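*Asks:* Below, each chain spelled out in residue letters.
Number of protein chains: 4
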Amino acid sequence: MPTAFHGVIPPVVTPRHADGSIDVESLRSVTKHLIDGGVTGLFALGSSGEVPYLTNAERELAVITIAEANAGAVPLVVGANEQTTHRVIEESRRMVDLGADALVVTSMYYAIGNAAETEAHFRAIHEAVTTPIFAYDVPVRTHFKLPTDVLVRLAMDGVIVGVKDSSGDDVAFRQLLLATKDLPGFSVFTGHEVVVDGALLGGAHGVVPGLGNVDPAGYRRLYDLAKAGDWAGAAAEQDRLARLFGIVFAPNGRVSGGAAGLGAFKTALALMGVIESNTMSTPMLSLNEAEAETIRGILVETGILR
Amino acid sequence: MPTAFHGVIPPVVTPRHADGSIDVESLRSVTKHLIDGGVTGLFALGSSGEVPYLTNAERELAVITIAEANAGAVPLVVGANEQTTHRVIEESRRMVDLGADALVVTSMYYAIGNAAETEAHFRAIHEAVTTPIFAYDVPVRTHFKLPTDVLVRLAMDGVIVGVKDSSGDDVAFRQLLLATKDLPGFSVFTGHEVVVDGALLGGAHGVVPGLGNVDPAGYRRLYDLAKAGDWAGAAAEQDRLARLFGIVFAPNGRVSGGAAGLGAFKTALALMGVIESNTMSTPMLSLNEAEAETIRGILVETGILR
Amino acid sequence: MPTAFHGVIPPVVTPRHADGSIDVESLRSVTKHLIDGGVTGLFALGSSGEVPYLTNAERELAVITIAEANAGAVPLVVGANEQTTHRVIEESRRMVDLGADALVVTSMYYAIGNAAETEAHFRAIHEAVTTPIFAYDVPVRTHFKLPTDVLVRLAMDGVIVGVKDSSGDDVAFRQLLLATKDLPGFSVFTGHEVVVDGALLGGAHGVVPGLGNVDPAGYRRLYDLAKAGDWAGAAAEQDRLARLFGIVFAPNGRVSGGAAGLGAFKTALALMGVIESNTMSTPMLSLNEAEAETIRGILVETGILR
Amino acid sequence: MPTAFHGVIPPVVTPRHADGSIDVESLRSVTKHLIDGGVTGLFALGSSGEVPYLTNAERELAVITIAEANAGAVPLVVGANEQTTHRVIEESRRMVDLGADALVVTSMYYAIGNAAETEAHFRAIHEAVTTPIFAYDVPVRTHFKLPTDVLVRLAMDGVIVGVKDSSGDDVAFRQLLLATKDLPGFSVFTGHEVVVDGALLGGAHGVVPGLGNVDPAGYRRLYDLAKAGDWAGAAAEQDRLARLFGIVFAPNGRVSGGAAGLGAFKTALALMGVIESNTMSTPMLSLNEAEAETIRGILVETGILR
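Chains as they are written, first to last, in the numbering used here: chain A, 275 to 580; chain B, 275 to 580; chain C, 275 to 580; chain D, 275 to 580.
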């Protein structure tokens, strides 16, 4: 059995009109932009898709739109983002009905759990939903690091088919890679845009880069170079993408950390003509003209814009 | 204009049958137990009500049941617990339709906000919903401490009618009390069960005690003693309640922190015959026989059981 | 056996000349100011004394100066502030030789310990040094909260004679008070300047207020009112002191949190003519003229200056 | 001007006799073991050297012993580990007198600083001490992440000659590498034992591996493979070393995190016959027989022992 999921699976941004409503046209456009860029999958309702800010109706609209624009071209992974087990199960069923090929599930949040509850959480969801599940390790949001031994047990028992790691804990990441190395069909993705070369060298199967919205072809190139064993080439491409990642620092503290990163991706896409507006979800501030100019400079410098 | 909210407003636990379904009879029973104990309000869908673990249908059932059992006896405060602004607004409307007299709203969670976004969050909710709003400061869950200056501005502008403080930051709590002292109709509640005497001495208007499920009359007594200026009496009653609070340490690490506290309240209520079962929401473990025995000992020692 | 330590024991600030050297004259002056204000003890080399910033020679000079100015008037408590057990033991011996009547010891820092190591740490120090030891619970600096059960065991076994609590965990504080209530000669002090009334109501034996440098008489008054059972009077005095505490917010983010609080105390003392300069230890910034003016306003408003 | 520091510079462990005194013979032996293994430098008084636990006399003895055993074979880097600026300056001078070729300095700890104070801290130390300074970024101990912009300014101004990064923040690490890429003589080392291949691929100049005490030759091999562009070979060697790193999990929670890692290194060295005893500094527990057996198994499995 081959590894089902691998490569570049960006978390698709969710564009809004200036009035705050979901911009369906722009969402179709960014989906097409990603597929044209060579991504190997699409991740709807991720953090970069502003999932915590979407109402349930908006989540539905976003998934339907992406699924239609994708039309089966690449696998569609969807976030089932809810606080606790039974709420995740309900959200998972909704997402599967809308066309999810796989689900992305975090540990509980707002609730205060522990390792045993977290393991039971994933097992209960898997029992209720047959669709493949990725564990999403994002302690900066959930305030709980998924323990390596829990992930390995869930992997061995087929409860999860992979991990999306945004933990920033590169030591645990390597331990997870080592422990699941010989497990067929299991995939480990890094969520960190600027260390993909090292992650792939260490055995990772792919990347879920928010920045991949802006430069999907760059990430695909990096992935292909690594697969071909051209590590120096991969590192050079990674260095270029790391410079491009500098767009997230444009607001320099004027907006929240969340609004800075996602706002930079949306602003870049608007400057590139892929989406209409860089409007953020309430209550996040959108980036301003000056910040857009800083971003334009970086896009030019890294070859995205002329 | 008088202070509308004051006194003892416990967060009502949500009993479940052994099979995991909501136990409507027991929920009616605990509501009656609280009103008979002299509480001045009821708080449905709080953390002690296991709100993050309830599905939307369960949340609805819990509020309807409590509202019916209360039958207008005391004000009904309801948690509108959701991740971000628009989701809170939708949840708020749902809760108002079910009979909420006031809403309890936290800062965003899972989302990564800042002070300015948090202020905008509360303002947007207030604009959309006319029902009185309490800000709920619970950084152990949201991982964001509501800044005192933000709370004071929201209070001055009538966006919030009060604060429920579970921040554990007693210095900020006193600063908030001082800053809102002369603001008519504004109420500050502590959520910490064992420091109510000091909070009332410092000017707080009441308490939202999870432990109040177990001993509502004790908290009412403490409140009345304080209001009468009998501070030594209030402190003695608080000491007894602080010993009673020892029930939350019965599991001694066997279950998660969340499951220990709520589980202890449910176990005590089951031992007292108020509810049928101490069953917890998935994936939390329920307390076992040995832990129940420890709890029984403390209930006897503090005069709750004979 | 009576409680040996009680009342108001402020952590003495360490004045510096504008050139950065220790200002011995001003240190004598502030010591006299405190004794005249009615303090029941002096705490040298506390956090408010900028102990982490003093070289070993400076620490020695500070303790010698305070001890001479005190001349046995009140007990002299001295911080033995070092990273780990053997280093604390060496520092403790040095401080006892300089005249310490009691020592203040934190858990380890920089080192990454746990509860068992922390208990062993205090036991090893007590075995090596016969001088009474206070455990200083200051997780904001050590990043380790002293567990209540460890403190209670150390208290029962006579390893420590008291606790200075700056943990901000008022729930654990009350549990500690309850657990050590009947232990003769054991003292629990709060380090939080604005909640002293509630702490005393709950059974605390005293306070170690940095702000006590500025208004020792106010804290003594608060303590005496509480001891006399005039709790409303104590709360009113506490409210005034809480307003005075507002001086620490004068820099409003211009300097670090550490520099703001200590800088405000020094600036107030300079404005009051007790010390010569508000110069801070390297690399902390000293407060500027505008901040001093804000502080002067609060001093006038709270009756410290006319 | 060439990069002065590069390659493998392990933090030398500090062996103790069973009675707790420094074991000078074993310290000589481990130093020789490291030089024989091909290390390109030695780091005395690092965290793996238990520097926070050593008294000043012990620190002196450790540095003198390592310096003598090294006899100038490789550069000797020494930790000047103290709380704040002036204390670091005094410690730095002491270490330079004992033969330090370079100093390793952290941000302040116990003290609560900010970015501006941290920058001033390093500048003041550099002004007082001409010896080259490495900034050591270890927020798990100091609870302050050295900001990338501060590090870059310090690098550009020649205040620091390099960074030892144990921050676990691989994103910031890559940004630092990018920003200092063209700065001659500036070196960036990772302190994380299991991601060295990726770090070198991204442009790092070397590694400071605690595990290098156990297998210096393995780390040298990894470094040489990377320098030769054999990235697949480097990754394979890293995978073996990552498996070897599993020794730190042998105590499985029985001892503190600090005692587990350092205790595993010492236990391995004792099993290998390099040092006499695996005794830890007070109050850390030493690893027991069962844990030593687990470690022996891993040493055999990874080719260190037969």
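No lab work stands behind these hints: they were computed from the structure.
Please note that a few of the clues may not be correct.
Note that the list lumps identical chains together, so a pair holds whenever it fits in one copy or between two copies.
Said to hold, decoys possible - Taking lysine to aspartate or glutamate pairs in the EDC-like style, the calculated list, with each CA pair at most 20 Å apart, reads:
{"#": "1", "residue 1": "Lys306", "residue 2": "Glu334"}
{"#": "2", "residue 1": "Lys501", "residue 2": "Glu401"}
{"#": "3", "residue 1": "Lys306", "residue 2": "Asp423"}
{"#": "4", "residue 1": "Lys455", "residue 2": "Asp513"}
{"#": "5", "residue 1": "Lys455", "residue 2": "Glu575"}
{"#": "6", "residue 1": "Lys419", "residue 2": "Asp443"}
{"#": "7", "residue 1": "Lys501", "residue 2": "Asp513"}
{"#": "8", "residue 1": "Lys455", "residue 2": "Glu342"}
{"#": "9", "residue 1": "Lys306", "residue 2": "Asp293"}
{"#": "10", "residue 1": "Lys306", "residue 2": "Glu550"}
{"#": "11", "residue 1": "Lys501", "residue 2": "Glu567"}
{"#": "12", "residue 1": "Lys455", "residue 2": "Asp443"}
{"#": "13", "residue 1": "Lys306", "residue 2": "Asp375"}
{"#": "14", "residue 1": "Lys501", "residue 2": "Glu364"}
{"#": "15", "residue 1": "Lys306", "residue 2": "Asp443"}
Here the structure is a predicted model, which is why all the values come from computation and not from measurement.
*Asks:* Each of the hints needs a verdict: does it hold here or not?
*Replies:* Status of each hint after checking the structure:
| no. | hint | result |
| --- | --- | --- |
| 1 | Lys306 with Glu334 | within (19 Å within a copy, 41 Å between copies) |
| 2 | Lys501 with Glu401 | neither (35 Å within a copy, 49 Å between copies) |
| 3 | Lys306 with Asp423 | neither (39 Å within a copy, 37 Å between copies) |
| 4 | Lys455 with Asp513 | between (27 Å within a copy, 11 Å between copies) |
| 5 | Lys455 with Glu575 | between (38 Å within a copy, 17 Å between copies) |
| 6 | Lys419 with Asp443 | both (9 Å within a copy, 15 Å between copies) |
| 7 | Lys501 with Asp513 | both (17 Å within a copy, 18 Å between copies) |
| 8 | Lys455 with Glu342 | neither (35 Å within a copy, 45 Å between copies) |
| 9 | Lys306 with Asp293 | neither (24 Å within a copy, 47 Å between copies) |
| 10 | Lys306 with Glu550 | within (15 Å within a copy, 56 Å between copies) |
| 11 | Lys501 with Glu567 | neither (36 Å within a copy, 39 Å between copies) |
| 12 | Lys455 with Asp443 | within (18 Å within a copy, 24 Å between copies) |
| 13 | Lys306 with Asp375 | within (18 Å within a copy, 48 Å between copies) |
| 14 | Lys501 with Glu364 | neither (38 Å within a copy, 47 Å between copies) |
| 15 | Lys306 with Asp443 | neither (33 Å within a copy, 33 Å between copies) |
Violated hints for the displayed structure, listed by number in ascending order: 2, 3, 8, 9, 11, 14 and 15.
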